[in-house]
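Visitor: Each chain, letter by letter, is given below.
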Amino acid sequence: QQPVQSPQAVILREGEDAVINCSSSKALYSVHWYRQKHGEAPVFLMILLKGGEQKGHDKISASFNEKKQQSSLYLTASQLSYSGTYFCGTVLIPGTASKLTFGTGTRLQVTL
Amino acid sequence: GAVVSQHPSWVICKSGTSVKIECRSLDFQATTMFWYRQFPKQSLMLMATSNEGSKATYEQGVEKDKFLINHASLTLSTLTVTSAHPEDSSFYICSARLAGGRTDTQYFGPGTRLTVL
Chain A
1 QQPVQSPQAV
11 ILREGEDAVI
21 NCSSSKALYS
31 VHWYRQKHGE
41 APVFLMILLK
51 GGEQKGHDKI
61 SASFNEKKQQ
71 SSLYLTASQL
81 SYSGTYFCGT
91 VLIPGTASKL
101 TFGTGTRLQV
111 TL
Chain B
113 GAVVSQHPSW
123 VICKSGTSVK
133 IECRSLDFQA
143 TTMFWYRQFP
153 KQSLMLMATS
163 NEGSKATYEQ
173 GVEKDKFLIN
183 HASLTLSTLT
193 VTSAHPEDSS
203 FYICSARLAG
213 GRTDTQYFGP
223 GTRLTVL
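For the record, the sequence lines run as chains A and B.
Position one of the first sequence corresponds to residue 1 (my numbering), numbered consecutively onward.
Position one of the second sequence corresponds to residue 113 (my numbering), numbered consecutively onward.
Take these hints with a grain of salt, some might be off.
Claimed, not checked - Restraint-style ranges between C-beta atoms, simulated for each label pair:
#1 Leu138(B) to Val19(A): 30 to 38 Å
#2 Ser130(B) to Tyr74(A): 43 to 51 Å
#3 Lys178(B) to Asp17(A): 41 to 49 Å
#4 Asp58(A) to Ala211(B): 21 to 29 Å
#5 Lys68(A) to Glu175(B): 36 to 44 Å
#6 Ser130(B) to Asp58(A): 39 to 47 Å
#7 Leu180(B) to Lys67(A): 39 to 47 Å
#8 Gln109(A) to Pro198(B): 26 to 34 Å
#9 Glu175(B) to Lys37(A): 29 to 37 Å
#10 Val19(A) to Arg225(B): 26 to 34 Å
#11 Gly165(B) to Ile93(A): 15 to 23 Å
#12 Thr104(A) to Ser121(B): 25 to 33 Å
#13 Gly165(B) to Val19(A): 39 to 47 Å
#14 Ser166(B) to Gln8(A): 33 to 41 Å
In short, the hints are calculated from the structure, not lab data.
We treat Cβ as the ideally placed atom computed from N, Cα and C, and that holds for glycine.
Bound-form chain B, shown alone:
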C-alpha cells in the first residue's frame, strides 16, 4: 500500500515554456501533498505544501507565480513550472501524507527529472 505516482518521469523542454508535473496517491487519499526539489548530490528541499481545496503554502524563497500548485482532489496535486529556464532544471519529487494516529508518514513519488534547454 501507500503508492504515489508521478508523471512524467522526465521532461526536456525549451526555455520559456511551461511544464506540468502530476502527483497521484494511488491507494489512499491525501489531503496534504508536498513538493520538493533536489539538486545533484544534495538533500531534498521543500518547495511547498499542497492542501486539497485550498491554496498551497510556499516555503521562503519559492516564487508562487513561477511554481503553480493545484490540489484539485484528494488523490491529485499538480506542479506547473511556468516560463521555465535552465536554472529550473532539477529533480522534482512529490510526497503524499498518510495520516495515522500519533503521526503521519510521507510516501514519495518516483520523481520527475526536468531539463530546460
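For reference, chain A alone in the conformation it holds in the complex:
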C-alpha cells in the first residue's frame, strides 16, 4: 500500500521553513527521501533506518519514528532551488528484495 504524504502541496517564500510528512500502514525497515524537478529523475536526498534515526545535510534534515511508521522531512530557510516534488520511498524488507514503494508526493514551490 502506498505511503501517504502530507501536505499534498505547499508554497513558501524564500527563507521560510517547511515540514513534509510520510505515513505508512506497514512496519518499515527504512525510509528514503527524494526530490524530483519537473521532467527530471528523482534525486536522492537521504535514507533513514529503523532505530529512530535522524539525520541532516545543510538545511535539510529528516527523522524516522518506526513506532508510528512515520518519517518527516524538514526544510529550513528554504531556497528557490528547493522547489520540486518530494517523495518518500519506503522499504519493508532489507536486502536484495528491498524495493521502494513511493509515497503520494508533496509539491513544494519556493517563491521570492
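Got chain A sorted already, so can you dock chain B onto it with the hints?
Guide: For chain B alone, coordinates are given in the frame of chain A:
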C-alpha cells in the same frame, strides 16, 4: 559517484512498434535495477525488478510479455515496450541499486519520455 544513464531521453513512435530503453550504471556495478513508470503529476510506480543473470520480477498488473526486461550485465538493463499503444505513453525511469552495509540506495536515471502516436 553513483551515476545512472538512460537512453534515449525521449522517443516518439507509431502504434504497434517496439521501443527499447537502456539503463546503465556508469561508475558502479548493479546486480539489481528497477523500472518505474510515472504519469503526469503522479508518483512513481514500480513495474519490475531486474536481476542480473536471471528473470525479472514483475509487479502485479504489469504484463511480462509487453514489457520485456533483460539484465545482461552488471551495468546494463534494458526495457523493451513491445507493440506499443498510446496508453503506453509515459515517463519511464530506471534506477540501479547500490548496496552498502545495512542498507541500499537507489540512484535514478534521467528518465525516458515515450510518446506513442
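Visitor: Evaluate each hint against the coordinates.
Guide: Do the hints match the structure? See the list:
1. Range check, Leu138(B) to Val19(A): Cβ separation about 35 Å, and the 30 to 38 Å hint holds.
2. Separated by about 45 Å at the C-beta atoms, Ser130(B) and Tyr74(A) satisfy the suggested range of 43 to 51 Å.
3. Evaluation of the 41 to 49 Å hint for Lys178(B) and Asp17(A) yields a pass: the beta carbon distance comes to about 45 Å.
4. Here the CB-CB span from Asp58(A) to Ala211(B) is close to 26 Å, well matched to the stated 21 to 29 Å.
5. One distance hint, 36 to 44 Å for the beta-carbon pair Lys68(A) and Glu175(B), holds here, with the actual separation near 37 Å.
6. At roughly 44 Å, the beta carbons of Ser130(B) and Asp58(A) sit within the given window of 39 to 47 Å.
7. Here the CB-CB span from Leu180(B) to Lys67(A) is close to 42 Å, well matched to the stated 39 to 47 Å.
8. Under the hint 26 to 34 Å, the C-beta atoms of Gln109(A) and Pro198(B), about 31 Å apart, fit the expected range.
9. Evaluation of the 29 to 37 Å hint for Glu175(B) and Lys37(A) yields a pass: the beta carbon distance comes to about 31 Å.
10. In this structure, Val19(A) and Arg225(B) meet the distance hint of 26 to 34 Å, their C-beta atoms being roughly 32 Å apart.
11. With their beta carbons about 22 Å apart, Gly165(B) and Ile93(A) fall inside the hinted range of 15 to 23 Å.
12. Checked against the hint of 25 to 33 Å, the C-beta distance between Thr104(A) and Ser121(B) comes to roughly 27 Å, which is consistent with it.
13. About 43 Å separates the C-beta atoms of Gly165(B) and Val19(A), a value consistent with the hinted range of 39 to 47 Å.
14. Between Ser166(B) and Gln8(A) the C-beta distance comes to about 39 Å, which sits within the given range of 33 to 41 Å.
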